[in-house]
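**Student:** The lines below spell out each chain.
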Amino acid sequence: MKHILSVKQFEDISLLKRLFIAADKLQATPACKYPQTLSGRTIATIFYEPSTRTRLSFEAAVQNLGGHIISSENAGEFSSAAKGEILEDTTRAINAFADGIIIRHPEPGSAERAAAVSKIPIINAGDGAHEHPTQALLDIYSIYREKGSLNKLKVGLVGDLLYGRTVHSLIPLLALYKAKFYLISPKNLTLPKTITAELHKKGIHYHEMSSWNNALKEVDVLYMTRVQRERFKNVEDYMKVKDNFILTLKDVQTMKPKAIILHPLPRVNEIAQDVDNDPRARYFAQVRNGLFMRMALLQSLYAKL
Amino acid sequence: MKHILSVKQFEDISLLKRLFIAADKLQATPACKYPQTLSGRTIATIFYEPSTRTRLSFEAAVQNLGGHIISSENAGEFSSAAKGEILEDTTRAINAFADGIIIRHPEPGSAERAAAVSKIPIINAGDGAHEHPTQALLDIYSIYREKGSLNKLKVGLVGDLLYGRTVHSLIPLLALYKAKFYLISPKNLTLPKTITAELHKKGIHYHEMSSWNNALKEVDVLYMTRVQRERFKNVEDYMKVKDNFILTLKDVQTMKPKAIILHPLPRVNEIAQDVDNDPRARYFAQVRNGLFMRMALLQSLYAKL
Amino acid sequence: MKHILSVKQFEDISLLKRLFIAADKLQATPACKYPQTLSGRTIATIFYEPSTRTRLSFEAAVQNLGGHIISSENAGEFSSAAKGEILEDTTRAINAFADGIIIRHPEPGSAERAAAVSKIPIINAGDGAHEHPTQALLDIYSIYREKGSLNKLKVGLVGDLLYGRTVHSLIPLLALYKAKFYLISPKNLTLPKTITAELHKKGIHYHEMSSWNNALKEVDVLYMTRVQRERFKNVEDYMKVKDNFILTLKDVQTMKPKAIILHPLPRVNEIAQDVDNDPRARYFAQVRNGLFMRMALLQSLYAKL
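Protein chains in written order, with this note's numbering: chain A, 28 to 332; chain B, 28 to 332; chain C, 28 to 332.
Incorrect hints may have been included.
Calculated lysine-lysine pairs in the BS3-like style (CA-CA distance at most 30 Å, straight line) [what the hints assert, rightly or not]:
{"hint": "1", "chain 1": "A", "residue 1": "K110", "chain 2": "C", "residue 2": "K110"}
{"hint": "2", "chain 1": "B", "residue 1": "K181", "chain 2": "B", "residue 2": "K205"}
{"hint": "3", "chain 1": "B", "residue 1": "K277", "chain 2": "C", "residue 2": "K110"}
{"hint": "4", "chain 1": "A", "residue 1": "K260", "chain 2": "B", "residue 2": "K110"}
{"hint": "5", "chain 1": "B", "residue 1": "K277", "chain 2": "B", "residue 2": "K52"}
{"hint": "6", "chain 1": "A", "residue 1": "K285", "chain 2": "A", "residue 2": "K229"}
{"hint": "7", "chain 1": "B", "residue 1": "K60", "chain 2": "C", "residue 2": "K277"}
{"hint": "8", "chain 1": "C", "residue 1": "K174", "chain 2": "A", "residue 2": "K146"}
{"hint": "9", "chain 1": "B", "residue 1": "K269", "chain 2": "C", "residue 2": "K277"}
{"hint": "10", "chain 1": "B", "residue 1": "K44", "chain 2": "B", "residue 2": "K60"}
{"hint": "11", "chain 1": "C", "residue 1": "K205", "chain 2": "C", "residue 2": "K179"}
{"hint": "12", "chain 1": "B", "residue 1": "K331", "chain 2": "A", "residue 2": "K60"}
{"hint": "13", "chain 1": "C", "residue 1": "K285", "chain 2": "A", "residue 2": "K146"}
{"hint": "14", "chain 1": "A", "residue 1": "K285", "chain 2": "A", "residue 2": "K179"}
{"hint": "15", "chain 1": "B", "residue 1": "K110", "chain 2": "A", "residue 2": "K220"}
{"hint": "16", "chain 1": "C", "residue 1": "K277", "chain 2": "A", "residue 2": "K146"}
No lab work stands behind these hints: they were computed from the structure.
Excised from the complex, chain A in its bound form:
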């Protein structure tokens, strides 16, 4: 593996297994004993869009492994891009003094364009609505770690399934393990037909539903995302459905005791705050799992797993 650009690179059970084991091993290692895989190496985090959580998580991961960070928090405004430089030139220039680039850019395909001219690894930390592979990997790693296994899980995916990038990336990974999907969304925000067609072809079970009433008690995993008011043509349509997609403690109490609730964060109001103390709420553990998955991915690029 030379770059991390797309979740498609990871649709491979044995590769995922190796990553999970590496992340678990790092999670069991005291900080002072982390492998110094990136010792003497410089990693650039180039963010053309704000994403503090993702950037800081990567920067912690790099430094945990002994690497140096050089960073642009707001590359769009402060970099040569503002002077009209193309991304390929920026990439070639950073190749001259860094050993890797973690890039966030609003344009779909930007990470691939960077990788096409780069001799050092490019890690896609989100290219617009296109891909955010490390998020999908930390999501599936969180399910693996929190549930103990991935086989044949019943997974409820909730919210904006039409535009939700994280959901689109997660589904093909879970499909490898024969998940059964509950696709819970407002009618105007259902999963794109291309994705359901793919599930059908693979023989994966899925139910499309506009309310979670019949799903909550069934699922092993509830993956929440936000439904944005802006996606609706009129406010009334939004008001009619919105309560179906705000998770309260009362809802959670109908779920299996061992079910888990995940969310890519940031959350606005789609999970009530008193849910946080329920043991099924694992979205902050999910962030921590992300640190170790990112460390494992860096190891996979610069050493061996």
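Let chain A serve as the given structure and place chains B and C on it in line with the hints.
**Tutor:** Positioned in the frame of chain A, the structure of chains B and C alone reads:
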């Protein structure tokens, strides 16, 4: 001590003494011998408001002690906060990959809100007009270090005493050592009555005055702050008093030879630049003392003093 | 050498030679063996203007030599400067917690003003249209390294020679080695008379020309810069000349096989992208040479060459 949120935590002579000794010891240590208390630890500096001096001073302190820095220079604009995430969620997320958070936020009480949900230490680097405890601690450490003792000092506090956060925090600390205060301010910017009432109750002497004419030759410490024109309803009122609060070399020459002049910085024009070369001008030494006080505070959180 | 402020400090063949040797030596050293000259030292990068490439290159250089970085990506907006602090005070304050300042500031002479009050080294990373000495040094080092020698080279300088800061800095350095100059620019953007007069005085050959037709096949080095449309009073004047200053692969094929093409970057469209694969295109190697020249300069400030 789990967090550093308020100067009230430090109204304790024996704790202050331990911090002063620790800071003095660090100041006498060559850089290559600093204790590596934060080795293997990641500290996040999350600044929702610009404050380069405070942020960089903390980041130098953390790295001097062997820690890694992950940083957001402009978290308000670039972070998940912009997407509507509440501070508590941001804090919980950073808990997942860092060992401490140094936070600057415009809202009073924000640092306490972060601490209420945080398992890792929160350091308040300024929460609006409310508290900036490390500034107060570096101020009193500077007086201790520059004067050799804190007992019964005559301290002139100059400028905007009504809104001046640094002054409000410094007064109760100096009161522990029976300071005598000269409270020098325009009549519309006098110290809040709640603070003078507290001094009265403790039997601490203070004089309120609208000019420093009778105070300059008396004081051991002159703590300058800025009087902002915007605080006055009309320009004439400001013009009438402003020269009372701009310190010139001529003024300084009436002070005791061993007196010291401090200022929390940035200075705009309230101290004439030719004062800088007078040995009584100690406001840049004060910044350096701040580095060592911050290192001592970090040690108090992550090790023992 | 205490500070790096101006290319004039480097108009000395023996000093340049020492820097080239130091940079070459670093370039031949594996990353894990870089001298840890800055170990235990903190270097501040304070950028009042965006310049991601320059800042990140310096930050990589500092960390390669074992130093810590504290950084402000957008000091103009986020620092005390926004509150009215003068640069001298900012410099004095940073002196209190850092061991060096790398500064980019829009005002000519700003780096010298900072140096005048600084006990720690100031490195000028660009002060407006005035100086950017490390760019000139990496340019001449690139010519030295790519050509093997600097003696009596034929150097074509192309583009906006009137305002082009990099060109103005490079010419006196190359003049030390008896270069012969082809000054290729639109008629309204010729090199300032003060510089040509200086060349004349030193007995250095130069040709001013408004097209490179007769120069391309002659030069050993082609140093490209951008011609900005905004420099022309009317678009027609610009349209008439612009193709003379956009380098295509066809142009490159008329050049000597061992000639090299440099550019300070960012490039917008003044070099066609298919030129990049020609072995004469050395502008990305130039960026890499910059890393090592900056490391050599830091060594010259904090150790010996």
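**Student:** State for each hint whether it applies.
**Tutor:** Hints versus structure:
| no. | hint | verdict |
| --- | --- | --- |
| 1 | A:K110 x C:K110 | holds (28 Å) |
| 2 | B:K181 x B:K205 | holds (9 Å) |
| 3 | B:K277 x C:K110 | holds (26 Å) |
| 4 | A:K260 x B:K110 | holds (21 Å) |
| 5 | B:K277 x B:K52 | violated (36 Å) |
| 6 | A:K285 x A:K229 | holds (28 Å) |
| 7 | B:K60 x C:K277 | violated (60 Å) |
| 8 | C:K174 x A:K146 | holds (24 Å) |
| 9 | B:K269 x C:K277 | violated (70 Å) |
| 10 | B:K44 x B:K60 | holds (23 Å) |
| 11 | C:K205 x C:K179 | holds (5 Å) |
| 12 | B:K331 x A:K60 | holds (23 Å) |
| 13 | C:K285 x A:K146 | holds (25 Å) |
| 14 | A:K285 x A:K179 | holds (15 Å) |
| 15 | B:K110 x A:K220 | holds (29 Å) |
| 16 | C:K277 x A:K146 | holds (27 Å) |
Of the numbered hints given earlier, the model fails hints 5, 7 and 9; all others are met.
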